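Please model the complete structure; the sequences and the hints are all you need to start from.
There are 2 protein chains.
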Amino acid sequence: MSSVLEIIPLGGIGEFGMNCMAVRYGDEMLILDAGMGFPEESAYGVDVCIPDFSFLEEYRDNITAIVLTHGHEDHLGALPYLLKKFNVPVYCSHFTAGLAESKLEEHDLTGDTLLHRVEPRDIVDIGVFTVEFIRVSHSLVDCFSLAIKTPVGTIIHTGDYKVDETPVIGEPIDLRSFRRYGQEGVLALLSDSTNATVPGRTPSERAVIPAFEEIFSESRGRIIVAAFASSIHRKVCVLGRSMQKNVEVADRLGYLDIPDGLLVSLNQAKEMSDHELVLLVTGSQGESRAALSQMATQVYKGITIEEGDTVVLSARIIPGNERLISRMIGHIYKRGANIIEEKRRLIHVSGHASQEDIRIMTEAVRPKFLVPIHGEYRMLFRHKEFVKNHLGFAEENIILIENGDVLELDGERATVVNKRDIGRTFIDDSGFDEIDGETVRQRKQMAYEGIITLVVTIDAETGEMEAEPEIVARGVRGFDCSNGLMKEAQRIVAASIAGASRDTLRDETLLKEHVRVELKRFIQKLVGSKPVILPVVVRV
Amino acid sequence: MSSVLEIIPLGGIGEFGMNCMAVRYGDEMLILDAGMGFPEESAYGVDVCIPDFSFLEEYRDNITAIVLTHGHEDHLGALPYLLKKFNVPVYCSHFTAGLAESKLEEHDLTGDTLLHRVEPRDIVDIGVFTVEFIRVSHSLVDCFSLAIKTPVGTIIHTGDYKVDETPVIGEPIDLRSFRRYGQEGVLALLSDSTNATVPGRTPSERAVIPAFEEIFSESRGRIIVAAFASSIHRKVCVLGRSMQKNVEVADRLGYLDIPDGLLVSLNQAKEMSDHELVLLVTGSQGESRAALSQMATQVYKGITIEEGDTVVLSARIIPGNERLISRMIGHIYKRGANIIEEKRRLIHVSGHASQEDIRIMTEAVRPKFLVPIHGEYRMLFRHKEFVKNHLGFAEENIILIENGDVLELDGERATVVNKRDIGRTFIDDSGFDEIDGETVRQRKQMAYEGIITLVVTIDAETGEMEAEPEIVARGVRGFDCSNGLMKEAQRIVAASIAGASRDTLRDETLLKEHVRVELKRFIQKLVGSKPVILPVVVRV
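For the protein sequence lines, the chains are A and R, in the order given.
If you count by the numbering used here, then the first sequence holds residues 1 to 540, one letter each, in order.
If you count by the numbering used here, then the second sequence holds residues 1 to 540, one letter each, in order.
No lab work stands behind these hints, which were simulated from the structure alone.
Among the clues, some could well be false.
Example chain A residues on the side facing chain R (calculated, C-beta under 7 Å, incomplete) [unchecked claim]:
1) Gly45
2) Pro172
3) Arg323
4) Ser326
5) Arg378
6) Thr439
7) Thr457
8) Arg477
9) Val536
The structure presented is a predicted model; accordingly, all values stated were derived computationally and were not measured.
Glycine included, each C-beta is placed from N, C-alpha and C at the ideal position.
What follows is the structure, encoded as structure tokens:
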């Protein structure tokens, strides 16, 4: 057995979301995080994607545990799918476990899963690896970085973090532990790059309080907050499935100290005066099925946005959602409500390390190698540029990797020795069903120029045509029953069958290809488009 | 004839792009701008969209002219399609005419179109309307606002503008003429809202020069500029169809003073040293077929981005393009090139009025009514909010309209009296062909869950089944030949035909619906999805 450590990202490098990484030494492998992603393929019936775990099959007997840094969907969402394939123990914080449990319930996995709840500074031996859970601040409670002692040295995986010394819930980031590891010597720091393009420090979670206090004192009507709210002196009604779930878990586990009677039900809320009420809702990204969009465009569970309401969008815009959000804001304005957007007041802060946070982390850990993770290439490269230019880090010690790269560390060198082809698996969220890549490819093809089904009916014995060719088109531009093209196409196909050789007529594959090519030429010439053409041969 | 003026936006209100507006008095109608839009339906083979001009059919004999404010695609792009339906004279600036001409050539319309070239301050009588062309600054040369005298009063349509007193090409905005109209009295100001959410003044075009001078003095390798460049001391090679067209028109009409020998061909460029060369390219929005993306991911006409190159993205990010641009930047970094993005240096300024520009315009014109145009509702509402709160404009005199609204002005009141249903027409850019809405609807439907064609073959006389039902699926999750479901589905359909009544078997419509519903139920129950099902009945 060679004495090297392998780090293999399955997702989250070169993209936002779907964070997942394998760490392997000899015949032992840990999986760090199991996140889902939000693909651009939503037009093709795809809601989310997860890493293609089939690459892990060859290590089936080696996987010893899954370790989760925190409970956001892009770190936790793929857990049920991963556990269905590899039922190994999971290590995570209490709050992460709370969120994980409700996911496992949805997938009927509760009884079969071993969830280990760990505390900050807990140290767990998992075979050859020793993992310490280090408390970090982020936009969620109970988040960890992972310090993993391996036979070739210690690696630190930051998870998502920022350096917040005054968080609203829980204790500040445990910089002391990072410094301790720095003093002992760290081989590699795998470090969050999400905000590596942003100069300065990321503000503390506490920074939003003044703006919210202002908004609460100014507003006479209802206040509707999309995302997390903090100190409030109104009754609060929580709307939207995921918001209700998170508040419930946080309350049950004691992370939120909710005074008796503060939360009200939807029915109670409807009876109350506007100035007594805050609605805490999902949908800050303009998602059409979430509470806020529904309230803005129609009626959501009997509630609609009205004149006098104040809507607070306390969330960053996730790239790609700009149009949806802008349209939703338009609808809210149309209803006569007031909107507080992020740019106008400090009502949301990022959970990710800006450049000066990255400086603090890197200087605390002082790793031999730095490996930027979490983000598109743009962020990874800017992360590299920053530590090179501003922290004097040697360029050859900053390792840029991609999903599927096998990064080998032997204590001296860090080298990409191999590249695995790791794809994505699409998921239809409604039924948790996988959609294979070929199905999505077919959907894309049809979406682009439509589809034509061509049915030819021939005598099984003689090969003679027994009925007019039938042509059915869907989504094909300029080709329908109205303009005579259909009749002409039928004639062309019939003629091509009449002219086909005996061999062609006998061989189903040859015959299909024969008529497909004829029809394709015709359509392309007369309509100028290239729809998918599906030939069907019926033998009677 | 009632003495009222009607203003009817056909596009550009509540959306970015597709700017177009009808202005009607009695039996005379002007069309102001004819822009194209860039719809989200690109997955469905749609490149651009234009207003649905069929609404104008009933005014066919009334349309007297098309007046263009400037030559950007979102004001000019629909002109050929509009002219094909209504061949009326066009009034515009020399540069706009230059761009229009090359569009008309592509559509074979040159000989049939009457293009009137006008100068700033020209006053043109078009029937009952008198139009003065007022010079404004924007991110393009030769742009106009329109002052239109009508029997009920003067209306001013700003077009796209900013208040730039030191433009790089041409003269500053003609505020004097706006003030003159303000003194005479203006009934309504239709005013650009694109940047109405942005505080302060929009910087002058000149503001980018220092940053470019810095970049040019620092860079030793090639410089690649995506968008317009200004003062440069290298040889310039222009790449990308639309960039070449625009530079050619600007040069020919004298808007660019290009020294002899400055421009070099692609072949000359390939022979030159890197430090002698600037490439001026298309593709600042990450468009996959444009020059920059091609150079970043593969080879574009023998040129590829290399280590040592400096890429300058001198353009704003159009909302919706964030992911594409970010991915392209990643590819450029991967090639080892340096990137100068807008946020890091002032290499691009907006062409649209910020709030303090809006203040200057509104205070110069002092209209009775203000009508925010050009932008999503969010921008229109913020425009309203700004002039109400910061200019003391009476709320009832700020008129928010939507596409299709008929805004009636009688000199005293401004009232939306009607709402027309004006849709969009999709265009397949490759062939300039229209794609009707139903075709796009069908494509969306198939893209979402796939399609199944079901062929049943029956005896024309007896109604008995003459061959096994054929089932062909494309893009349907979990339904293929491999898992036995196909056989089972065939069996179900065969049984449903065997059990059908004589009436059903005789009536093609009834029979199709009969088998479609059976198969639909089966698929939904066993696979949990709802693909489009297309039944075909073959009678032999």
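Taking the hints in turn, this is what the structure says about them:
Hint status for Gly45 (chain A): holds, given a least beta-carbon distance of 5 Å to chain R, under 7 Å. Taking 7 Å as the C-beta cut-off, the interface hint given for Pro172 (chain A) is violated, the closest approach to chain R being about 30 Å. Because the smallest distance between the Cβ of Arg323 (chain A) and any Cβ of chain R comes to about 5 Å, under 7 Å, the interface hint for this residue holds. A hinted interface residue such as Ser326 (chain A) counts as satisfied when its beta carbon comes closer than 7 Å to some beta carbon of chain R; here the least separation is about 5 Å, so the hint holds.
For Arg378 (chain A), the suggested interface contact is upheld, since its CB lies about 4 Å from the closest CB of chain R, less than 7 Å. At a threshold of 7 Å, the smallest CB-CB gap from Thr439 (chain A) to chain R is about 5 Å, leaving the interface hint in force. Hint status for Thr457 (chain A) relative to chain R: holds, with the closest Cβ pair at about 5 Å, below 7 Å. Against a cut-off of 7 Å between C-beta atoms, the interface hint on Arg477 (chain A) holds, since the closest Cβ of chain R lies about 5 Å away.
The closest approach between the C-beta of Val536 (chain A) and any C-beta of chain R is roughly 5 Å, which is under the 7 Å cut-off, so the hint is satisfied.
The earlier numbered hint that this structure contradicts is number 2, and it is the only one.
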